[in-house]
Structure formats: C-alpha cells, structure tokens
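Peer 1: Residues per chain, in single letters:
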Amino acid sequence: MSVVFERTQLLTDKQFHYCPGCNHGIIHRLVAESIDELVKEGKLEAGNVMGVAPVGCSVFAYDYFNCDMFEAAHGRAPAVATGAKRARPGTLVFTYQGDGDLASIGTAEIVHAAHRGEKIATIFVNNAIYGMTGGQMAPTTLVGQKTTTSPYGRDEAWCGAPIKMSEMLAEVPGAYYIERCAVNNNANILKTKKAIKKAFQYQLEGKGFCMIEVLSTCPTNWGLNPVEAMKWLEENMIPYYPLGVKKDKGAE
Amino acid sequence: MALTLMKGSEAIAEAAIRAGARFFFGYPITPQTEIPEYMSARMPEVGGCFLQAESEIAAINMVYGAAGTGARVITSSSSPGVSLKQEGISYCAGAQLPCVILNVMRGGPGLGNIQASQADYFQGVKGGGNGDYHLLTYAPSSVQEAIDIMMFAFEKAEKYRMPVLFLADGIIAQMMEPVEMPEMVDYKVDPEKKPWACTGWKPGDDPKKRGVINSIYIDTESLSVHNEELQAIYAEAKKNEQLWECYKTEDAEFIITAFGTVARVVKTAVDELREMGVKVGLFRPISVWPFPYEPLRETVLRDSVKAVLDVEVNEGQMLEDVRLAIEGGKPVEFFGHLGSQFPTTGEIKSKILEMKEGK
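Protein chains in written order, with the working numbering: chain A, 1 to 252; chain B, 253 to 611.
Derived by calculation from the structure, the hints in this document are not laboratory data. Cβ coordinates follow ideal geometry from the N, Cα and C atoms, glycine included. This list has only true hints and no planted wrong ones.
Examples of chain A residues lying across from chain B (beta carbon under 10 Å, computed):
#1 L10
#2 A46
#3 N48
#4 V59
#5 A73
#6 H74
#7 G75
#8 G83
#9 K85
#10 V93
#11 V111
With a straight-line cut-off of 25 Å between C-alpha atoms, the simulated DSS-like cross-links for lysine-lysine are:
#12 A:K197 - B:K454
#13 B:K454 - A:K14
#14 A:K40 - B:K460
#15 A:K164 - A:K247
#16 A:K198 - B:K454
#17 B:K461 - A:K40
#18 B:K454 - A:K43
#19 A:K40 - B:K454
#20 A:K194 - B:K454
#21 A:K14 - B:K460
Model the full structure from these sequences, guided by the hints.
Peer 2: Dropping the structure here:
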C-alpha cells in the first residue's frame, strides 16, 4: 500500500495548547510541511534548521517544531535569529512571531533584521490583538475594535490607525520578499504554504530578509465562535490588510 | 615573551579573539567604542563575525542566538548600554548560555558622563535583570589582568553554563600598558561537550537531545527545579572561583579594600604609608561574584588589624559586601567619590592617618 499522506516530521507529537478555532495550528503545519518538503527535495540537509519562538500565544512553539529551537524574549526573535544564523550560516533559520511581539515591542529588531537583509524568514501571525495576556489592544487592532484595553473601541485620534507591517517592511531596502496571506479557506491555505516555502527557498539561495504575514483569528479574545471569527476576519481584517505580494525582488 | 604597548580596549578585544571568540555583537558607546572598532577590523581576519547591532538590546539577543549554537560569543558596552542589556543577560542566565559581557563602567545614573566609574557594582553582582541569578563577575585592575582573565573566561562560562561579566572601567579601556599577549586558542564547537546547543539535531535523533534554548518553565514545580539547579551551580562556583589579592596585609594595622583601577591608586598609597611607618595593606577582590567573603574575613580578623577602610568610586557599593564579610568584627570606614572622580593617593593617605590618630 502506498502512503498518500503522512504527518510531517517537523512537528513533535506534543498536543497544541491553542484555543479552538485559532489559526496557529494550521500555520504551524504549513511551516513544518514546507521544511519537510525542502529536505525531501534535497534542497536542505535534515538538521540544518533552527527556529525562534516568540513571547505570546506561540511561546511554546519550541515544543511543537521538531528541530533545534530558541525561545526568545518578547520581540527579540529577529535578533536571536540573527545571532544563530551568523553562527551557522548554512542553516535555515525562521522566526515565528505574533503581532504584539513583532509590531509593538519588537519593531526595532524586525526593521533592522530586514534592513541588514538578514538571511532569515519571519512568519508573522497577525490576529489584531494580544492573545496570551488576554485580549489587549495591539498596534494592529482595527479602529473601533473593542479589547480589554480599548473597552470603547480603538480611537484613532489617541491610539493611531493600525500599523501595516508588511507594507512598511516592503519599503526597507534589505527586504527581499514580503507577502501577506490568510488561512481562511482552502485556496488561501495553499497560497500561504506556497509563500512560506518560497521564503525558505529564497533564504537557502542566500537572498535577503523574507517575511510572510498571515492574518489569523482569535475567537477567544474577539468573543466570537470560530465560524463567526473567520467571517469577521474576512469582512474586517482583509479589507484593511489586503492580501498579496508586497515585494518580491526574485520576481522583478 | 616580548611586551607590547597596547591600549586597554584593543588588548581586551584581541585577548577575546585569542580565547576563541569568533562572534562580536555590539553598539558604540563611550568609553568602550574602540572595542567594536577593533573587532570590526579583526574578526574578518580570523574568519569571525562582527555585527554592529541596532541597539544593545538587539546585541545581547544576538549573543543569545549565537551562544545557543555553542560558539564563543562576546559583547561589550558601557554602563547605560549595559542597563539596556539586562533583559538579555537575565535570559542568557535563565537559558544557561555561556558568553562574555564587558562593562566598561562610566559615571551614572542615567547618561551620567563618559569618565571612569565603579557605580555598576550593584548592577553587576546583585542582579541587574530579573530573577534569581548570578554572573561570574571579574574586576580587573590592569590591562594585563583583563587579558589573563579573558583567557579563562570562556572556559569558566562553559564549565558552569553561565555568562561572565567583566566589571572594568573607562581607565582600563582607555590607558595603554605594556602587555604580554597569549597564544591563540584553537576553539571549535564540539556537540559532545555542548549537548545542549543547537548543533544540527534532526527528526529521528534522540528527542532528549534536541536543542531548545529556553528560559520559560511554565509550571511552578519545573521552575522551582530549574532554579534549584541554577543555585547548585552558583554554590559550586562560589566554592571554586573566588579570586583575590592580598598586598602587604600580613602585619597590617589597617586594611584597605578596593577593586579595579582604584586598587592601583590604593597600592601606591599603601607603599607611601609604609615608607612613613604606617602598617597598612590592601585586600583586592578580583572576582566580585563570587565575592571572597571568607578570605577577607580571615585577613581582617587578625589581631594586628585595627580597622578597615573601603575605597570606591561610588557611594559605597562593595562596602556592603565588605561589611557582610566582616560581620561587625572590626570597624569599617568608607572613603569614596561620587560620579567619576577618582581618589588620589594623598586623599587615601590622609584618611588612613586620620583613622590612625583616632579622629
């Protein structure tokens, strides 16, 4: 009997701690499958992979990705990845970060990793809220969106409009490839996988900094069930955060 | 071996390279900028990596990343920059990453000034970052001593899996002294010796050997176990790693305690007081963590000793450890300057003469 599908080796057997309806599980699998495929295609030697987990909901990602892993301080994953990559330049190095981590406390580290053209890939999961601490306003929280620290809804006059990291980083000369994706339907899940794999391939070719932003739901902190949350993402997040390639030097 | 006249900061940087450091992450700040400058030219010559980070915060986290692969990594800064590094230093301590951090102390608090100071003693030996942790902390008093300490710093860091901190000051970094530079050490990452490091684990290998560089232990029991392990390591380091110098203390009536370059001023004062017939000696901790409590206590509790004078360029930070060592056994006085003004031999002599006359 031939095997038509098997679980990716790049995920451990540890059960995810994520809430029902959270998109982290899908995104983890896409990252792991991409690495697995690159190994099977002979483009990457097994063992030459290092991942950096953030602070936030995916803080325990080091327990899930089945490779050498770092757990970084809040926002510092791109700096940790830089150190690791410089020390072992032949490896595939990725960071996995949420929007509180990357778009708030870690803005300096992500901008300068991109600026240096650091040969790393960042998977940026944007769910417009702080998940792990219980639903506070993030720089990515939409105008009017209610959170535990914006109980009357985000007020643009006082808190600014949500920051668009992909568009911003696309302007940085050292950034090689930036794309925003979502995992709200099968077609978009496949597109996300393709983007992640492309970012990894670019890195293996020695190109510059790559980031894949993935829009994600947070049913728990949005106060919606998983189906409603996906609908909210489609009706509110995707119009403000348009999907697509923001920069691809390889395609120019 | 021939002596070479070298500037402190460059000599320390070269010693780090000779000790096997191949990765330097840092950010310019006076009075230690010559260290990153030297590294930027020297690292490419030895196949190493110099990276000017966007901030001290990023630099120490790059140290975390590179040290996690088993490489010998160093960063340097001066007081306000070392304050910024504290987050990452705490993470390195928690994740048990060997690395070397140089603090070329300058005056504070805040921006302070750019002259030499000793006001980061508390920050260095009493914490700095969050959590129950310590750093092997050395306070060299000459450029040669800084070189000599550097040559074993990485080995100690690796033996105990804890960061090493150099508590130097602007004078050591800025002055030139004749030094003997040791031979280059041939260091290569050995995954057998560093089984905890990220060196290429792959699916199918023993899951227990997967590299996970981490300081989070989410349940109370495992964090408690982790901290007990750290404390056991610190107890071992306290037992084995105390370094100090006694200078003319055998028959002394007065013991002066001082660390770093201040101890050199004290040494001159001791010699000049001895010429005047005053029996005085110097006790100089070289490791300030672990602090040589027992050796100091033994030195001071001799019958000949009447009193102790602690001299520092701060409000009297090491003074607390001196008093802890002596436990009220002898009177302890303090003489120091705040900010970054160094005491003169004349001032130290006057203070001892006052103490002798019972003023």
